[in-house]
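K.L.:
As you go down the protein sequences, you meet chains P and F in turn. Under the working numbering, the first residue of the first sequence is numbered 277, with each subsequent residue one higher. Under the working numbering, the first residue of the second sequence is numbered 277, with each subsequent residue one higher.
It is possible that some hints are incorrect.
One copy or two, either will do: identical chains are not told apart, so a pair holds if it fits within one copy or between any two.
[Stated by the list, open to error] Straight-line C-alpha distance at most 30 Å; calculated DSS-like pairs for lysine-lysine:
1) K479 / K504
2) K492 / K381
3) K479 / K462
4) K510 / K394
5) K320 / K477
6) K504 / K463
7) K506 / K463
8) K381 / K479
9) K534 / K504
10) K477 / K462
11) K477 / K463
12) K477 / K555
Since the hints were derived computationally from the structure, they do not count as laboratory data. All of these numbers come straight from a predicted model, not from anything done at the bench.
Residues per chain, in single letters:
There are 2 protein chains.
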Amino acid sequence: MMTDEKILSIFRKYPGQHVSGEELSEELGISRTAIWKHIEDLRKIGYNIEAEPHLGYRLISLPDRLVALELSQGLNTKIIGKNILSYDTVESTMDAAYDLAIKTKGEGACVFAESQRKGRGRMGRDWQSPRYKGIYASIILRPDILPNETPKITLMTAVSIAKTISSKFNLEPQIKWPNDLLIDNKKICGILTEMNAEADKVKFLVVGIGINVNSKQSDLVDTATSLKEKTGDKIDRIAFAKAVLEGLDEHYAIFNEKGFQPILDELRNFSSTLGRRVKVDFRNRRIEGQAMDVDESGALLVRLDNGFVERILSGDVMLVR
Amino acid sequence: MMTDEKILSIFRKYPGQHVSGEELSEELGISRTAIWKHIEDLRKIGYNIEAEPHLGYRLISLPDRLVALELSQGLNTKIIGKNILSYDTVESTMDAAYDLAIKTKGEGACVFAESQRKGRGRMGRDWQSPRYKGIYASIILRPDILPNETPKITLMTAVSIAKTISSKFNLEPQIKWPNDLLIDNKKICGILTEMNAEADKVKFLVVGIGINVNSKQSDLVDTATSLKEKTGDKIDRIAFAKAVLEGLDEHYAIFNEKGFQPILDELRNFSSTLGRRVKVDFRNRRIEGQAMDVDESGALLVRLDNGFVERILSGDVMLVR
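Work out the full structure, taking the sequences as your base and the hints as a guide.
P.N.:
Okay, structure coming up:
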């Protein structure tokens, strides 16, 4: 544990109480001046820590910041988030995680940022990241799959986040194949999966998630919404982000143990696409038909009016009314 | 053009002749001391440049080094090698090219190295890179293909190098599906294709090639050979590397204009695999049967003894005698 974490863990042992600089100094084996410097560092991150003469320090409130120190605290996962990096601003959490994946082994590392200068969506599109309002994170996974199985991981992520949202809030998110979550037909979450692979071996995936949490409608485009807009309440982003990581960890374990079928069964409950008439743009083509099902590899099956069934790996789906 | 390139281009204008420091100084608009420093730099790379009092400088011989200055010289390509980086030693040309691809746009950039500390083969295997004996290069391509089409690019590269070897030397290389070239059943060249992709869009490929050129048998494992061993002559690596880039450029243009079919037709002429009885290890399975054909997506079709045809995207093929 780093010194900052140790100080916070001592505060947590005595909730609401003062802890003297002397106690902290003894427990950590560093000088009272050093303690004071660490307290200052924590304040800079956003921890509200009171210093009272003769009584000592008291933790008043946690920062509304997605900092690794808080995200890691009591996180109940096996793989996801065992290593968390948090930044105020990055070019893109995707690039930061990609870099990390090339330089390290293992999986589950997460890169969080409060804002991105060049946040990315699917197919090279932009992703807007209003600062301190969302959850923007990229996660390194190394599943034993073929390159053309990556849609399974995107859909697994979508299912896990949909379940986390519906269990924490009284909301009914819908999965818009292949990579968006909607509430009342407005985007609440986007998922982007990028891979590094050889022809028959995925070396790693970086799964990016962007969730609109505390944004106001005025921060967002018309076609998007946020959890705050939908619930009317400001959301505790740290608690929610931890729940997202825990949900993802649970579904990744299911995927690794039992494959894609259980994910697919859950997906059907959340899908906004299946059974609907859709237009799909993909690979410079547009088709229209009935979205029938998602197959065992994560592809969307669309029955055209001539009866022919198209199997689509990824594309832009529009619901036809 | 950089100063070094300008100096070399002046030498090339007057082959075998002396060029005075004064002439060089005037032509380039820099001091004679600066000229002298650049001549020293060129000597360090391996250019043999004579300096004769009153006469000036004379280029005696080029370096036996794969340096960008020489590889670029008169290279007749449209895409491949418009940007060449050359190093003495890198961890891996794959990583260097990958990094470059993430940071830049465009395609065709090539990274050459005379040796690699951690040269990579397929499936995380090592690739030995005896210094100054081979061609170790990684090339950035951005074809408009799906992730599962990358075997086409590996095979296109194999076909183009096989043709370059057979046209420059009196040798008959064979393509061992999916990514090796053999001469008399010994490996002369390995190809490794890594991708960066979304589910339905390859963002870029890095195609790595390793060719055993001037290695002696004692530099190599028993199952490998070199062009020098096979021809009995020391090969001009620069001229050969340029021919490889030109061949690749030509085949990449064919692939982009006409697709994989013309590549596939050529592949059949060079294949050591087709028509043979093979064992194939892939994805923790082993099958045995008759290698029938490569299909239009680059996959190997193997007919098992029970008549069933397996379609294999990538794997290790062993010929059964």
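K.L.:
Taking the hints in turn, state whether each one holds.
P.N.:
Outcome of the hint check:
1. K479 / K504: neither (37 Å within a copy, 35 Å between copies)
2. K492 / K381: neither (39 Å within a copy, 36 Å between copies)
3. K479 / K462: For K479 and K462, the Cα distance is within 30 Å only across copies (28 Å; inside one copy 34 Å).
4. K510 / K394: within (26 Å within a copy, 50 Å between copies)
5. K320 / K477: neither (44 Å within a copy, 42 Å between copies)
6. K504 / K463: Answer is within; shortest intra-copy Cα gap is 13 Å, inter-copy 62 Å.
7. K506 / K463: within (12 Å within a copy, 63 Å between copies)
8. K381 / K479: Classified as both; 10 Å inside a copy, 23 Å across copies.
9. K534 / K504: So K534 and K504 fail the 30 Å test inside a copy (35 Å) and across (53 Å) alike.
10. K477 / K462: So K477 and K462 pass the 30 Å test across copies only (25 Å; inside, 36 Å).
11. K477 / K463: Only across copies: K477 and K463 sit 23 Å apart there, 32 Å inside one copy, limit 30 Å.
12. K477 / K555: So K477 and K555 pass the 30 Å test across copies only (20 Å; inside, 32 Å).
This entry does not satisfy hints 1, 2, 5, 9, going by the numbered hints stated previously.
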